[in-house]
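Student: Sequence:
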Amino acid sequence: MSDHPPPAPLVALVVGPHEAYAAGPGLRESWPLAEVASRVARMIGSIHPRWVVWSAENALRGVVAAGVDVPRSWDLAEAHRLLHGGWRATPGDVWAGCRGLRVDDVPVPRRGRQAGFDGDLFDLAERSVDELLTESGHLRADALEGWATGSERLGRLADLALTCQREQEGSLRARGGDGAERLIRTVWSESAAAVLCLELERDGLPVDRLAAEDLISAAAGPRPRDDADAARIRAQRDHAVLRHAPGRERADLRNPAQVRTLLQSVGVDVPHTRAWVLEPYRPTHALVDALLTWRKNERVATTYGYRWLDEHVGADDRLRGRWTACDGAAGRMTAQNGLHNLPAPLRPAIRAEPGYVFVRADLGQVEPRVLAVVSGDRAFAEATRSDDLYAPVAAKLGIERSVAKVAVLAAMYGQRSGAAGEALKDLERAYPVAMDLLDRAYADGVARRSLRTYGGRLIPFGIEPVPADPPRADGAGVPGSEPSGIRPDVDRGGSDAARGRFARNAIIQGSAAELFKAWAATVRHAVRPLGGQIVLCLHDELLVHVPQARAGEAQRAVQDALGRASHTWAGTDVVRFVADASVITRWSEAKD
DNA sequence: GATTTCACGTA
DNA sequence: CGTACGTGAAATCC
Numbered sequence: 001m002s003d004h005p006p007p008a009p010l011v012a013l014v015v016g017p018h019e020a021y022a023a024g025p026g027l028r029e030s031w032p033l034a035e036v037a038s039r040v041a042r043m044i045g046s047i048h049p050r051w052v053v054w055s056a057e058n059a060l061r062g063v064v065a066a067g068v069d070v071p072r073s074w075d076l077a078e079a080h081r082l083l084h085g086g087w088r089a090t091p092g093d094v095w096a097g098c099r100g101l102r103v104d105d106v107p108v109p110r111r112g113r114q115a116g117f118d119g120d121l122f123d124l125a126e127r128s129v130d131e132l133l134t135e136s137g138h139l140r141a142d143a144l145e146g147w148a149t150g151s152e153r154l155g156r157l158a159d160l161a162l163t164c165q166r167e168q169e170g171s172l173r174a175r176g177g178d179g180a181e182r183l184i185r186t187v188w189s190e191s192a193a194a195v196l197c198l199e200l201e202r203d204g205l206p207v208d209r210l211a212a213e214d215l216i217s218a219a220a221g222p223r224p225r226d227d228a229d230a231a232r233i234r235a236q237r238d239h240a241v242l243r244h245a246p247g248r249e250r251a252d253l254r255n256p257a258q259v260r261t262l263l264q265s266v267g268v269d270v271p272h273t274r275a276w277v278l279e280p281y282r283p284t285h286a287l288v289d290a291l292l293t294w295r296k297n298e299r300v301a302t303t304y305g306y307r308w309l310d311e312h313v314g315a316d317d318r319l320r321g322r323w324t325a326c327d328g329a330a331g332r333m334t335a336q337n338g339l340h341n342l343p344a345p346l347r348p349a350i351r352a353e354p355g356y357v358f359v360r361a362d363l364g365q366v367e368p369r370v371l372a373v374v375s376g377d378r379a380f381a382e383a384t385r386s387d388d389l390y391a392p393v394a395a396k397l398g399i400e401r402s403v404a405k406v407a408v409l410a411a412m413y414g415q416r417s418g419a420a421g422e423a424l425k426d427l428e429r430a431y432p433v434a435m436d437l438l439d440r441a442y443a444d445g446v447a448r449r450s451l452r453t454y455g456g457r458l459i460p461f462g463i464e465p466v467p468a469d470p471p472r473a474d475g476a477g478v479p480g481s482e483p484s485g486i487r488p489d490v491d492r493g494g495s496d497a498a499r500g501r502f503a504r505n506a507i508i509q510g511s512a513a514e515l516f517k518a519w520a521a522t523v524r525h526a527v528r529p530l531g532g533q534i535v536l537c538l539h540d541e542l543l544v545h546v547p548q549a550r551a552g553e554a555q556r557a558v559q560d561a562l563g564r565a566s567h568t569w570a571g572t573d574v575v576r577f578v579a580d581a582s583v584i585t586r587w588s589e590a591k592d
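Here the working numbering is used: the first residue of the first sequence is 1, the next is one more, and so on.
Please keep in mind that the hints were generated in silico from the structure rather than gathered at the bench. What you were told as hints is all true, and nothing was included just to trick you.
Label-pair distances were calculated between CB atoms; the ranges are:
1. Leu292 with Glu145: 47 to 55 Å
2. Ala447 with Leu210: 51 to 59 Å
3. Asp229 with Asp439: 52 to 60 Å
We put the CB at the ideal spot given by N, CA and C, even for glycine.
Using the sequences plus the hints, can you model the full thing?
Tutor: What follows is the structure, given as structure tokens:
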């Protein structure tokens with residue numbers, strides 16, 4: 001492969017409260033805050049650097065806010081999460097990770113301590129105000145905040161960032177083989193995802209406010225004029241249920257215990273009142289039917305109602321929330337303010353701006369395809385050649401497609417009982433390598449052994465792999481030996497079986513999240529020249545907002561991006577990934 | 001006031 | 001057909 005451009009120069013960017021600092025090859029500059037965005041943009045145009053940042057939040061939020069496209073970064077926080085697992089990734093955590101210091105001892109900012117407790121006593125332990133490192137070698141808690149003033153100090157923080165980058169890249173390379181490049185690419189795409197999160201927060205998701213008001217009104221009633229009006233509307237909603245229970249009109253539908261008693265009064269005896277338990281009673285009990293309808297409406301009224309609209313949809317009709325590039329467990333993206341769990345009935349309200357459309361694209365059967373990559377199962381990979389993976393599996397096993405699907409899902413997600421039982425045995429004979437990967441992940445979870453996703457993310461369980469960890473025959477995971485000092489000390493409670501299921505799920509879900517982010521990062525670059533932007537990421541689905549005239553190009557770009565991202569991520573084209581991409585105006589359209 | 005439980009939305 | 005996460009209301013703990 002000789003088509004790679006020369007590696008981008010690494011330039012550290014540190015943004016302090018009063019000024020910023022950039023340090024790279026032949027470069028040491030202190031910048032006024034007001035000039036950071038323009039200088040970054042200019043440097044991207046000239047030397048195309050990869051920006052080394054303590055976090056995208058620290059160094060790039062202002063740059064992104066100014067509308068600058070930051071194509072390449074090395075996010076020390078995201079790399080730290082990848083290397084060491086978990087979610088905490090302050091500069092102090094990153095430094096501790098690089099130095100093999102215990103994360104338990106990382107200094108915590110004073111405001112993080114118990115409210116009302118005077119922390120000054122403890123801060124004396126940090127001795128001198130000039131020292132960047134504490135006596136125990138940790139980065140001081142306020143290194144990037146109060147302490148980071150003056151070009152001398154910022155320069156030291158920039159140098160430290162470059163040191164951490166070298167250290168992180170070094171430990172990735174130390175794992176050796178073709179796995180190393182893969183881990184480094186994971187850092188690249190995770191870093192890009194962190195920048196994408198800033199863009200998602202900046203731009204928001206376009207909402208048709210009037211449509212949203214209509215949909216909310218249909219579920220929750222008209223917008224209340226005052227508290228008394230709100231109480232009246234609420235009582236009206238409640239009455240639609242309570243009129244089916246004469247004599248018990250005082251019952252509180254928002255209190256599960258009272259609901260259970262209420263249901264008992266009409267002869268429905270259930271251990272709890274969750275929807276799936278009540279669903280069977282729906283046709284025979286009008287009260288249950290009314291209650292379940294009430295629950296849907298109540299969800300909209302409380303969580304996605306007028307308050308939600310007023311607080312999270314801006315004057316520019318964009319829904320905004322905080323985004324994170326990786327969650328605590330397996331590394332999926334997360335979003336707040338309903339961006340990730342907007343009820344389907346409200347989706348018609350997500351509408352492209354006039355003159356724009358959405359390209360909506362979602363990965364098909366992504367988790368079994370990821371399993372084929374992670375396990376290296378040649379036979380299972382063969383099945384991914386098909387648009388519908390379950391069809392060739394069914395053919396190979398000589399069973400119905402529906403049975404094959406249930407069996408594959410059962411193997412991946414845990415249930416080993418029921419109708420899938422017989423087909424599962426066939427599955428293990430047909431795809432022993434893939435099934436073995438799942439079994440070993442389960443066993444790792446039971447034994448509290450940490451594991452790694454395909455892209456190298458540590459899923460910590462407390463017990464790190466010992467240096468003499470046996471190599472995996474399939475090449476998956478490449479478990480590394482963690483410096484013993486920084487053990488994240490994660491205690492995932494629950495039963496053996498619960499930990500086993502968690503581990504089995506995490507290695508698949510987490511690996512799928514990496515492929516998704518690699519895809520998203522590629523799409524982000526590909527649609528920008530078309531005036532397009534990613535406005536929503538939903539685990540296996542992308543929503544791209546693009547001028548109508550460029551819709552076809554964007555649609556093709558999204559497909560091409562998947563081909564390139566999956567080839568690079570998986571290191572092969574043997575496993576095929578597929579996406580369904582359609583051009584729509586409202587999110588509710590083209591929902592398969 | 002902070003934490004836990006219940007419930008349910010998305011993938 | 002499991003797992004993950006975010007949200008809100010009520011109960012519970014301190």
